[in-house]
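With chain A fixed as given, assemble chain B onto it according to the hints.
Chain residues, written in single-letter form:
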Amino acid sequence: MSDDKIIIQSESIDEIAEELEKVENALPNKINADPDNVESGLSKLVLTLIELIRKLMEKQAMRRIESDSLNEEEIERLGETLMKLENKMNELKEIFGLTDEDLNLNLGPLGDLM
Amino acid sequence: MKQYKCIYAILDSDVKSSDHKPEIMGLDSSPVYFVGFRDISAAVSNVNQDKMKVSSDIAFSYEKIIEDLWMKYNLLPMRFGSVMKNDTNVIEIMKKKYSDFIDNLKIVENKSEFGLKILCDLNKTDFKTENTFNLNNYKKLKQLDKKSVYRNYLIDKLEQHKSEDSFMKKIDDIIEEIHSPLKKLSYLSNVTKMVTPKIILNATYLVKNEMKDEFIQKIRQIKREKKDLKFLLTGPWPPYNFVNLSIKEHIL
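Quick note, the sequences are listed as chains A and B, same order.
By my numbering, the letter at position 81 of the first sequence is numbered 81, and the numbering carries on one by one without gaps.
Add 114 to a position in the second sequence, counting from 1, and you land on the number used in my numbering.
Some hints here could point you the wrong way.
These stretches of chain B come out as covered by chain A in the derived footprint (C-beta under 8 Å, 3 or more residues) [claimed, not checked]:
no. : region
1   : 156 to 170
2   : 268 to 282
3   : 328 to 340
4   : 346 to 358
With a straight-line Cα cutoff of 27 Å, these simulated DSS-like cross-link-like pairs (lysine-lysine) come out [said to hold, decoys possible]:
no. : chain 1 : residue 1 : chain 2 : residue 2
5   : A       : K5        : B       : K284
6   : B       : K298      : A       : K55
7   : A       : K93       : B       : K271
8   : B       : K260      : A       : K5
9   : A       : K84       : B       : K260
10  : A       : K84       : B       : K253
11  : B       : K276      : A       : K88
12  : A       : K5        : B       : K332
13  : A       : K59       : B       : K271
14  : A       : K55       : B       : K332
15  : B       : K178      : A       : K55
Hints were generated in silico from the structure; no laboratory data involved.
We treat Cβ as the ideally placed atom computed from N, Cα and C, and that holds for glycine.
Excised from the complex, chain B in its bound form:
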């Protein structure tokens, strides 16, 4: 059976497979081994297929492998499904991207990732009463024939538009109040707002290890202050969302 190489992570040390005991089991029940180039290594294992199946079990196993490696080494997790033909290809990619790998490894060194999701039950319609719509501000629209259906349609639309604006302003204010102190305590952050109407903030933070406790305490404090919001903080994770390079063009 033809075998391929699944690459899990790039490590900032020249790890010898024989040095790594006990061995970590990779996907398809093959042990993880290390392919070195200069002072970095790739953690790889043999897999049976070039296109990996996606299932929650496989994804959990994949995460566990990276997590086990991360306990020992500073690393850059590779995207799920990064499969190459052979070890020579793995070395080639390390040669080509060596300086990118080194730069990224420096960024994530001694840092952990945390994920924060904030849920809010605010609804756009809650803002109807407190919106600032005033027809007197739209003189030309006001002057149109009052019987015109188009005039009344536009007035409704403008009112709706203003409600949405004040809703988004409120959400922006909440996000700012939460994100601003956390940004100060983190090294890097990625923020997406309004992932769904309820998840108003989905953020990942890269935090220096010595700042982890302070970071978590700050979120506990914000949670106590914002009783109407729901929080989900997870971590510490390997730096999945802070690897700023792609090897997409080199994988099968």
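Bound conformation, chain A alone:
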């Protein structure tokens, strides 16, 4: 972008460029099909989607607790399920050498996944 198009700028434009790069890098455009890395690219994509679903389940569960629509037994079972799911995700992340940042996904108006 040429400088004459910048009308107001509080901070170095580099900071904004860095932030926008994060959006581009949030998900690989293509799965890395290099034989040495294909597993890593694919596992990142799959785990990101699983994490998205897990987070949505968690949000829904919190809403149900807040709306008081569950009995004590159901709440306890829900806690067990969510905790086991999170632990399993942590195991999988460790196996594939991925961090929370790697699985971060921008959900537009819903904000970031993490």
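Structure of chain B alone, referenced to chain A:
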């Protein structure tokens, strides 16, 4: 070598290539010329490939071509990489989409686009202390055995959930305070919030040309009031984000 037609923009006048001096140079060093249909024209040039390479240099050149045309004509910028086989295809698309082109050209006439990005250093964790979590509000959860790991896990999760809610509420309030007066000064707007954890607002505004100064002044005023936020306002741009039609199915 086979040649294709890159279409840059649809113009709201029947421009004759011979009338347009000095000529604008298009991509692949071919001059831009105009293909007319009724009272509209397409600005096109010959290109060597049907799939255009993407690089920042090419994107800048593409933008510059549209910008040069926009200085003279009311236009609808076409998406980067809109390539067709020949001029006949270009005319066909103008025939098929004529009324859409006309409707869109009316919308963007005498207007400019501005882009606004707002950065904020607020963090979700900053909201831990001011969240409204109170275990007494969740009687059934509170009544579970205090030793239950699942009970404690859910309490942590609920607390986190409430923190995130209050964080998002704060962001929504900031966005509303900024966007609301700008919306009133603009003709149309597109807003995306939380593009990244830092870019809380990414908006484009279509502003009537006679309102441009007032619009910019308003943002200067908001910036003075919101010292903890960082602003990037760019423009005026051709109406890239306010063309509400697609010719995707017709391009190569």
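Each hint, compared with the structure:
For a cut-off of 8 Å, the count of residues in the region 156 to 170 of chain B with a CB near a CB of chain A stands at 0, and the three-residue condition is violated. Here's how the region 268 to 282 of chain B fares: 5 of its residues keep a CB closer than 8 Å to some CB of chain A, so the rule of at least three is met and the hint holds. Counting residues of the region 328 to 340 of chain B whose CB lies closer than 8 Å to any CB of chain A gives 4, so the stated coverage by that chain holds, three being the minimum. Requiring three or more residues with a Cβ within less than 8 Å of a Cβ of chain A, the coverage given for the region 346 to 358 of chain B holds, as 5 such residues are present.
Proposed proximity of A/K5 and B/K284 is contradicted: the alpha carbons are some 30 Å apart, above 27 Å. Straight-line distance between C-alpha atoms of B/K298 and A/K55 comes to about 37 Å, which puts the hinted pair past the 27 Å bound. Our distance criterion of 27 Å between C-alpha atoms is met by A/K93 and B/K271, whose separation comes to about 20 Å. Proximity of B/K260 to A/K5 is assessed by CA-CA distance (about 60 Å); at most 27 Å being required, the pair is judged violated.
For the proposed pair A/K84 and B/K260, the alpha carbon gap of about 19 Å is at most 27 Å, so the pair holds. Pair hint A/K84 plus B/K253 holds up; C-alpha atoms about 24 Å apart against a cutoff of 27 Å. A C-alpha spacing of about 24 Å is found between B/K276 and A/K88, which places the hinted pair at or below 27 Å, so the restraint holds. Between A/K5 and B/K332, the direct Cα distance comes to roughly 18 Å. Compliance with the 27 Å bound is thereby established for this hinted pair.
Between the alpha carbons of A/K59 and B/K271 the distance comes to roughly 9 Å, so the proposed pair stays at or under 27 Å and holds. Taken as a hint, the A/K55 and B/K332 pair is broken in the structure, with Cα atoms around 39 Å apart against an allowance of 27 Å. A hinted pair counts as satisfied when its Cα atoms are at most 27 Å apart, and B/K178 with A/K55 does not qualify at roughly 43 Å.
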